[in-house]
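Trainee: Could you put together the complete structure from these sequences and hints?
Residue numbers (this note's numbering), protein chains in the order written: chain W, 56 to 566; chain H, -19 to 329.
None of these hints come from the bench; they were simulated from the model.
Note that the Cβ used here is the ideal one computed from N, Cα and C, for glycine as well.
Don't take each hint at face value.
Stated by the list, open to error - Residues from chain W that face chain H, not an exhaustive set, calculated with beta carbons under 7 Å:
(1) PRO128
(2) ASN144
(3) PHE146
(4) ASN148
(5) LEU149
(6) GLU153
(7) ILE157
(8) ASP158
(9) PHE160
(10) PHE170
(11) ILE171
Claimed, not checked - Derived Cβ-Cβ restraints for the label pairs, each shown as a range:
(12) PHE120(H) to ASP112(W): 53 to 59 Å
(13) LYS446(W) to PRO275(H): 55 to 61 Å
(14) ASN187(H) to PRO305(W): 52 to 58 Å
(15) GLN441(W) to PHE241(H): 39 to 45 Å
(16) LEU99(H) to ARG375(W): 54 to 60 Å
(17) GLN175(W) to LEU156(H): 19 to 25 Å
(18) TYR272(H) to GLY448(W): 55 to 61 Å
(19) GLN175(W) to ALA22(H): 39 to 45 Å
What follows is each chain in one-letter form.
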Amino acid sequence: MTILFETRSLTKSFFGITAVNNISLEVEEGKILGLIGQNGAGKSTLMNLIGGVHQPDSGQMLLADKAYTPRNPADAKQAGIAFIHQELNLFTNLTIAENIFIDGFPTRRIGPIRFIDRGQLKRETASILEWVGLDVPADTVIETMSPGERQLAEIAKALYFDARIIIFDEPTTSLTARETERLFEIMRQLRDTGKAVIYISHILKDIAAISDSIAVMRDGVLMAQESAESFTIDRMINLMVGRKLEQLYPPKTAQSEPDTLLQVKNVSAKGLVKDIDLSLRGGEILGLFGLMGSGRTELARIIFGLDQFDAGEIYVEGKRRTANSIRNSIKNRIAFVTENRREEGLLMNVSIADNTTLVSLPQFANDLTLYVNQQALSDAAQQASQILQLKSGDITTQAAKALSGGNQQKVVIAKWLLNEPMIFIMDEPTRGVDVGAKYEIYTIIDQLAAIGSGVLFISSEIEELIGMCDRILVMSQGEVVGEFTRSEFDEERILRAAFREGEEKPHAAVK
Amino acid sequence: MRRLSESRLFNFIINNSTGILFVVILAFFALTAQNFFSLDNALSIIKNASFIGVLAVGMTFVLLTAGIDLSVGSNMYLSAVVAGLLMRQFDIPVWMGLLTALSIGGLYGLFNGFCVVVLRIVPFMVTLATLVMGRGIGTFLTQSEQVDLPERVNEFGQLRLLGIPMPVIVFLIVLLIAIYILRYTPLGRQMYAVGNDPDAAKKAGVNTDRVIWSVYVISGIAAGLVGFVLASQVMRVDRSFGESYELDAIAAAVIGGTSLFGGVGSALGAVFGAILLQMVEAGLVFRSVNLYLQPMVKALVIFIAVFFDGIRTANIAQQRRRYIRNDLDDTDAPVSSASLPEPKPVSES
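Mentor: Below, the structure written as structure tokens:
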């Protein structure tokens, strides 16, 4: 056994939050290393350090016993590290062959003119495609291919270069069962030819089946790296969870009220969610847990009216929604704090005050002349920022981008608060927010519930859902696969449900 | 599988909208306007389309990278002015005049590219500024007077090869070169890649700056060429020479299926677009349609073509949507767990 690659005390933090903490990992030649951990455990950051996307704060990496310090992805590629990302980096308007050879086409001369050698291009591509098990012609345009085929094309592109270490980051999420099987064969073949493979996945069964050794990360720390043979799935989950709750959450003051504010009945949208049942009462904080790609954000977008659904019904305050539109949602006082505040939640170059009053602006205009009462507007913005304890300069001049993550999130919340929301959908409201600001956001959520609003709290951090919610729904592959009331809250059981590794049958069984 | 065949028909129409529009309009005029459907008229239409056509081919390169070049009309003017002045004042031969026009056009494009790549200014604003600048320099050089070209230029302008007028031959050569670059060189394929996803192109090791710079130079050279060829036809360059040609060039490219969002388009499409526009104009004249109505009909054609582009783009966006679950009627959609049932094979129809 030879160690091809290792990290020594590798550490990386972003804005004071340590994402990768003192990690010493070993990757052996001719072995598959399975890497698991919850969302935010630091897997992606670790891989980005190896792939040259980020540089470590301290610690070192060794490749074949030599210091390895990639400054960018090209360096990593040069060193023989192939990285297959979860998101595809394909040019959809070009063919598979062109995608693979975009930075180095084979050419040939006809007289004085140099042409792309399409014959050779096709032959070389065909042999890679055959090996990957993608049964389409080399000149197929990516646009016309299914998501699974695209994923295989991406893999073919990465494997074309003679890599020594191949990192697969969640490669199976868009593959069919057969394609997944083929992928595992490819991984085994790579291993048998002496390459090192790092395989990241949320599907623990797959990890157990294919890995030679398994590494578990939690909160940026490497919890264990051991041989796969003796590693049970139970133990994997145990290691992935397991932090004790401290006083991270405000005392609960809100009481659930009997009236149902929001009722979602059998809602399906093709390819996104299926048979969703959900109800939210006044004063209730309902948690929605799911791993990346489980459909939770898609469901939130449908409820808010950003996307349409094919079947089912949505009732707001007992009235059936006829037109599923954002305007309707705002009229019904539904608020949506998006998971992506930088791109979808805020106008980054606009002042805090203008951001705050964006949604409720029409209320400040005279009905006849449409003249906006600037004084009332800025008073309202001031008041909202005081209630939320916004830490900022002059809110009428300071741009949203100059605020810290936590304070930006408060501005997004303030924007909706002025509209006096009845239903608050919060998608990952504490992502990228420091611990202090997290507590303040939790407090705001509790206060919202205390005045009778219903809060749909979407998160991939189980702890905060357990700390804050009255009930938690679990989603997986676009379906609700479990429901837990406060007395049943248990991190391990919730995580099992999300992984579909139930020790008991989940409430809404898989059909 | 009725739904499938319907969506195939829809896709066929959407992806070939220009061709279909072309055939429909051609058939309409052929049936309703006397003498329209003749070889002479076809040659005349193609000749008149060649100026906008060459500009549109150059424009296609720029649009492929999601840029735009508003300065081509002014570029035409400046290139023709400089070449004309040199030929008149210093008696340089016609071929050197042509070379001058090409060089001025290329330098013009080089400057546009410099502003976009190095100064990082938005292409729309860069070329809007150089649109004003080019005409400004030209009127300064001529003191706003028209430049009459020496008689030997006319000989060049009236050249024919196998009975085919010179502008049509130039048009053909430009088309072939463009097809060669776009389809058969790495640079051409990289233009498509940059237009599709600039970040991914950078990650894949493509020199995106070089690619973007080159499209402006190509568009500039095309403009210089058109300036000279058009001047050799009308034999004078006045201050409105080439004015608003950029708009027709963009329209022709877009009608030819080039997307303003980058990554989609072809040189042949631009040629079709230019001929289509010219055919509409000629047809309206043949049918003696009221002169004041003609721009509106032309606008309608542009509108229909761009409308299809919009549908096509929306269609692509739809296809890019993320799939989470494998619904039964959706056989190609993914599953994320091996425990789910194997999807049915796709049925061919």
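Trainee: Now tell me if each hint is right for this structure.
Mentor: Verification of the hints:
no.: 1; hint: PRO128; verdict: holds (6 Å)
no.: 2; hint: ASN144; verdict: holds (4 Å)
no.: 3; hint: PHE146; verdict: holds (4 Å)
no.: 4; hint: ASN148; verdict: holds (4 Å)
no.: 5; hint: LEU149; verdict: holds (6 Å)
no.: 6; hint: GLU153; verdict: holds (5 Å)
no.: 7; hint: ILE157; verdict: holds (5 Å)
no.: 8; hint: ASP158; verdict: holds (4 Å)
no.: 9; hint: PHE160; verdict: holds (4 Å)
no.: 10; hint: PHE170; verdict: holds (5 Å)
no.: 11; hint: ILE171; verdict: holds (5 Å)
no.: 12; hint: PHE120(H) to ASP112(W): 53 to 59 Å; verdict: holds (58 Å)
no.: 13; hint: LYS446(W) to PRO275(H): 55 to 61 Å; verdict: holds (58 Å)
no.: 14; hint: ASN187(H) to PRO305(W): 52 to 58 Å; verdict: holds (54 Å)
no.: 15; hint: GLN441(W) to PHE241(H): 39 to 45 Å; verdict: holds (44 Å)
no.: 16; hint: LEU99(H) to ARG375(W): 54 to 60 Å; verdict: holds (56 Å)
no.: 17; hint: GLN175(W) to LEU156(H): 19 to 25 Å; verdict: holds (23 Å)
no.: 18; hint: TYR272(H) to GLY448(W): 55 to 61 Å; verdict: holds (58 Å)
no.: 19; hint: GLN175(W) to ALA22(H): 39 to 45 Å; verdict: holds (40 Å)
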